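A.B. asks: Turn these sequences into a full structure, and let the hints steer you where they fit.
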Amino acid sequence: MNREEDETAAIHRCQHGDISGLEPLVLRYQTQALRTAYLIVKDRQLAEDIVQDSFLTAYHHIAQFDATRPFIPWFYRIVLNTARQTLRARARHPTISLHLAQFTERAEYTSERDELLDTSGRYDPVIRAEQTMERATLLDALALLTLKQRSTIVLRYYCDFNDYEIAQMLDCLPGTVRWRLHSGLRALERILRQEFPHLVQKRWTIKNQAKMVALAGRKDQ
Amino acid sequence: MVLSKFSERLREALSQTARDIPEQTNLFPNIQQQLRSEQLQPLPRPDAPGQKKIRLAIAVVVMVLLISGFSYAVSPVFQWFGDQSLQAITLDHATAINQQVSDHGITLRLDQAYADGARTAVTFHITSGSSLQASPNDRVLTDAAGHIYPLLSGRQYKNEGLTEFLPLSLQQLGKSQLLTFHVQHMWLTGYKTHGTLISGNWSISFHITPQAGRLITLTGVPSTRSSITIQPTQLELAPSGLRLFLHISGLTSDTSLSTLTQFATRQVYSGTTPDKLDTGTGSIGEGALLQIHLANGQVLEPVRVDVPSLTSTLQIPDQMVGITGAATLEVLFFSAPQELQHNLTLTIDHMHIAPMGDSAHPREANGPWTFNIPLQ
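Just so you know, the protein sequences line up as chains A and B, in that order. Using our numbering, you'd call the opening residue of the first sequence number 1 and step up by one each time. Using our numbering, you'd call the opening residue of the second sequence number 1 and step up by one each time.
Some clues are possibly wrong.
[Claimed, not checked] Straight-line Cα separation of at most 30 angstroms, DSSO-like style, residue types lysine-lysine; simulated pairs:
1. B:K276 - A:K42
2. A:K148 - A:K42
3. B:K5 - A:K42
4. B:K276 - A:K148
5. B:K276 - B:K158
6. B:K158 - A:K148
7. B:K5 - A:K148
Quick caveat, the hints were computed from the structure, so don't treat them as lab data. It should be emphasised that the depicted structure is a prediction, and the values quoted were computed from it without experimental measurement.
C.D. replies: Pasting the structure below:
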């Protein structure tokens, strides 16, 4: 059986009340859905809760799903609705943190993950700090967009869905998708250019690199 | 070009950031446990006999009431596609047209229209007589004297749409006007097929009395920066927006008129179709900042900036300022009248100036020019 047939068979099992039919769908889509939700809500635990709830919702409504159609757009629509409802309930107000100290704390937090090595095989704190800071600031900057703009940008530039697929997931017209992408990208670029100009310019200066190395060195002591 | 490089970097950055979530995460055990615990809970009681039929009957009655109520409503297209000011004003002041014309099997029907000092808006319905969807490729509005009013915006969902044009002249407001809506080319498109352009003649004439607003003659002191003098001369407070006239002088005779209009513009529309789809859209134009600051802190950005002598005919794309060294700009803003109280502050941070024929490389004339505009 090929991948599509596996998926159709799994959906049919769910539609007949067999919980184990959900497992292949979870295993296949959970990582991408988690990462998508994480980029939208900026919080790993919250993203896990959202995706878990979304799989539960999908199971409860699986009888309404036409198994001849692709699962992902329907499932992502549930993920996005769940994310929207969750954020609304929490009424979060994200802020950007500008202090370098926070970035070095984050560098320490990520130390259990992949090591970044320079070409000689040594650990390079400059690359690590730059990448960690970029991740933190990108999430903060994304959080300053509207939920609709943020969702649209993530669905296009991370998940690679086209206008029509995104329109289905977000209950809007394809023209509305294009508008949200256009206005969202402009807003994001403006935020990054204003608050973190080095992320939209070409290279770190030697002065910046030295500063990051000094900070990383102090943390290690 | 800058934006596409930015979007490439964004794609890369999103992918890297997403890897904060490792692949090893497995949610299924928790999901399975949750589903199993739900299965152990008592099932909901089934409906008592006859309750299902009663619920269905109530639903049918509600649907009939909703549909009958809907049929008496003002054309919904203004509510789907209009900005907030247009949505509000057309609830009471739209004019029914209900005229149609057919050519090449395509029927264009104009449903309603609204006009004031900020815009003329028309809703329409198009049918192609087949499964293909028709949409106008070009739209022009003319008046009885042959003046042309260019397109301001156009949106369509399935067979229904809304088109806005630049406003009629101040002298035409408050009096019945004969306008004609022209389309010369229609696109026919189908699912997953390229469009076909059909040439024809779809013209519908109708009478409308544009709503007059309040015209304020401005007599403030002109402001000169970088040898350019600007003076606001008139402000029309229309029911659906503002129209501001600026007199610009101190220009060389070979200055390109169209370059003078290079200001940042912003049109944003929101709404929901009857089948609950978000119709939000908009457009953003690049340029210098020309803004109106309201007393409540709100900032209005123009929807459009034009030179009236260029827009009155579509044949001439550009002209020189001429020996007077002066030009008039017409600036449109969409806003609701209740937002406008007390005084306004107009600011212009800089202007683009270029000679005719070299408008691709304008120089910047630095401001700022700032004006306090009393509304009393």
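A.B. asks: Which earlier hints turn out false for this structure, listed by number in ascending order?
C.D. replies: none
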